[in-house]
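**Q** Listed below are the residues making up each chain.
2 protein chains.
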Amino acid sequence: MKRLAIAMVLLSSCCYAQTSDEFQPASTNVWGAQYPRVDSTGRAEFRIKAPSATAVKLNFWSNPKLDMVKGADGFWTATTPPLVPGFHYYNFVIDGVDVNDAGSHAFYGGGRDASGIEIPEQGATYYLPKDVPHGAVREIWYFSKVTGSWRHAMLYLPPGYDMQTKMRYPVLYLQHGGGEDETGWIKQGDANFILDNLIASGTAKPMIIVMAYGYARRAGQVDPDLTGKPFGSPEMMKAMQEMSQAFEDDLTQALIPYIDSNFRTIADRDHRAMAGLSMGGMQTFQVTFNHLDLFSYIGGFSGAGGMMMLRSAEKPDLKTAFNGALADPAAFAKKVHLLWIGVGTEEPAQMHAGIVKLHDAFTEGNVKHVFYESPGTSHEWQTWRRDLKDFAPRLFQ
Amino acid sequence: MKRLAIAMVLLSSCCYAQTSDEFQPASTNVWGAQYPRVDSTGRAEFRIKAPSATAVKLNFWSNPKLDMVKGADGFWTATTPPLVPGFHYYNFVIDGVDVNDAGSHAFYGGGRDASGIEIPEQGATYYLPKDVPHGAVREIWYFSKVTGSWRHAMLYLPPGYDMQTKMRYPVLYLQHGGGEDETGWIKQGDANFILDNLIASGTAKPMIIVMAYGYARRAGQVDPDLTGKPFGSPEMMKAMQEMSQAFEDDLTQALIPYIDSNFRTIADRDHRAMAGLSMGGMQTFQVTFNHLDLFSYIGGFSGAGGMMMLRSAEKPDLKTAFNGALADPAAFAKKVHLLWIGVGTEEPAQMHAGIVKLHDAFTEGNVKHVFYESPGTSHEWQTWRRDLKDFAPRLFQ
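Protein chains in written order, with this note's numbering: chain A, 649 to 1045; chain B, 649 to 1045.
Read the hints as simulated data drawn from the structure, not as lab findings.
Just so you know, these numbers come straight off a predicted model, no measurement behind them.
Same chains, same label: a pair holds when it works inside one copy or across any pair of copies.
Below are the DSSO-like pairs computed for lysine-lysine, each with C-alpha atoms no more than 30 Å apart in a straight line: (1) Lys1005 <-> Lys963; (2) Lys877 <-> Lys718; (3) Lys778 <-> Lys835; (4) Lys877 <-> Lys697; (5) Lys814 <-> Lys853; (6) Lys793 <-> Lys778.
The following block holds chain A by itself, in its conformation from the complex:
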């Protein structure tokens, strides 16, 4: 039993280390990890042991890399200035190689399970667990004939779903961003706690949330070789088009029918919404405008407009864009109960401008919509938590 004993020792020794001064281990840390740690101003301290490395950097993805400093003990350390509150992806760069921080839990972003750190926002409790009824977070697997494979999705069932067995609920389909996956809205976004709190206060209606895996490859599809094909090349555009079409078909032909036959939904367009962040926002616009028979609430969080928006720096022509659905704004407003777009004020200029451009086009075209700007935040989860907090109460009222 020696190895078990050793495991217990490691466990114990890791868990009973002393903490000093005002910095506290981040809430995103693994059990017992003292680093990274955060102080009340939002500064964060990082540490990694790499005695033989010649250069180590701290990489917050949306910011310039920070040089870390080597100590005599082989540990490299860095302390950041106060960070924007919320969740941030990061990694270390050791002699040019991106590596995870073993002290942090992993969060799927950038196409991999990456490290992340939560910086508390003073006074903001809307995404924290509270002593209110909690909805259920579920994992589901469904077989999709579109992709010819088992697919995994996450589900939020509102408080009371188990007990009120006659009740049926509206559904929000809520998508992650590019490089993220179906786990993001729960793990990084705390969508379940946001809804628990909104529902408990009577601000949002009880609803089911479905978080799908946003990548799809059609059954039997032969992957094209895109080596050396630049962005914008016909081959690349065709491949992207195929992938997003496969996702649209999977969502509308496999996932929605699965949800409607396995859960107590109200299975009509008046009780079905879709929203997403970044790439998920673009997917939302593509899917919903192609299926206005299925959806009547539409949300784009730091990403909207569908695939066609990528190709043009121009304001969309509402007569033709979105399948022409906006050409008659009055008819559209009758059909679609909510068109919602949002962006963080600190998002990269082109991205911010892209959403504002859409907002302007909607305004000029008399298209009824909601435009929300998250103050002080960039292309990051704090923006999208706030988006959801603003968006969800407008649904199914």
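Place chain B on chain A using the hints.
**A** Coordinates of chain B only, in the frame set by chain A:
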């Protein structure tokens, strides 16, 4: 929208690379990652780019490290001999630093979110998703007065739970190992698919499975400073005792009441089981023998005997061990419906011997029990998947 565009490109280019020869990307890989990859004999190929590193090793935790070889392109590669089927934790060691493989999903083990690779077992489908009714995998958060904190646990609800709203079910509490967490039995162990398949074939009774977080710190507890205290020191033993006592109290005073009041359980000892692997097996023995009023089925997977087993290389004295519960084997057999212990034939000698020693003591003491050896596997998830497959059908019959 430039960054969105870039994200889409990365996404696309990652997903449409060509695969060559007989090696296929591992099922544990992230979307689009071509490495690591596995062939039909169980060999695995690994690859990581580290142009300026001087030495890179591949580290399967239970095996000697493998030297990787640097190519002119800055990639280090290694191909393993055929591996034992099942799930294996691993990492790269770049100039002495343990790093994750960005191509692999993360699985919590060794006290961190580590890389892992699945090697298919030819002909073994009992832990794969099939076209049978699927139970629900749920995440729950409950507030524990014992720890003074919100705690997260995983749940399996059997197929039909949602629809058969009058039906009540027995419960298995199923624990992870040291350094792992409550996510292990689903992510590494595929416990949900194992039960789906056993229930579909009529081999196991429909049951609820609760997977708790196996670490606990009592509310308000001040962590002792264990710096320099060796294993076996009174301070260390006291700290370990306190932690395992806090876990026992959390499980029996907070989690079980929460489960019984929020789910349709049959809330008596005849319909409550506990099992665990490694550290979780030791916890199982501690908790169940201290609470035979709560449990009547007991399973130790590569770990059993409770904390006291750590202290002695001797066979336990059944007159006094386990609170004396085994002193009267006939009375014990009436009270406890199943006592089950298992171990892999290839586990480290001391660990294997420890379980066999317990088996011998039970046999000599006429204590009715089941002893199972997993052929060809070590202290690893393939052993524990098989354990669950043998154990679960014996419950609640």
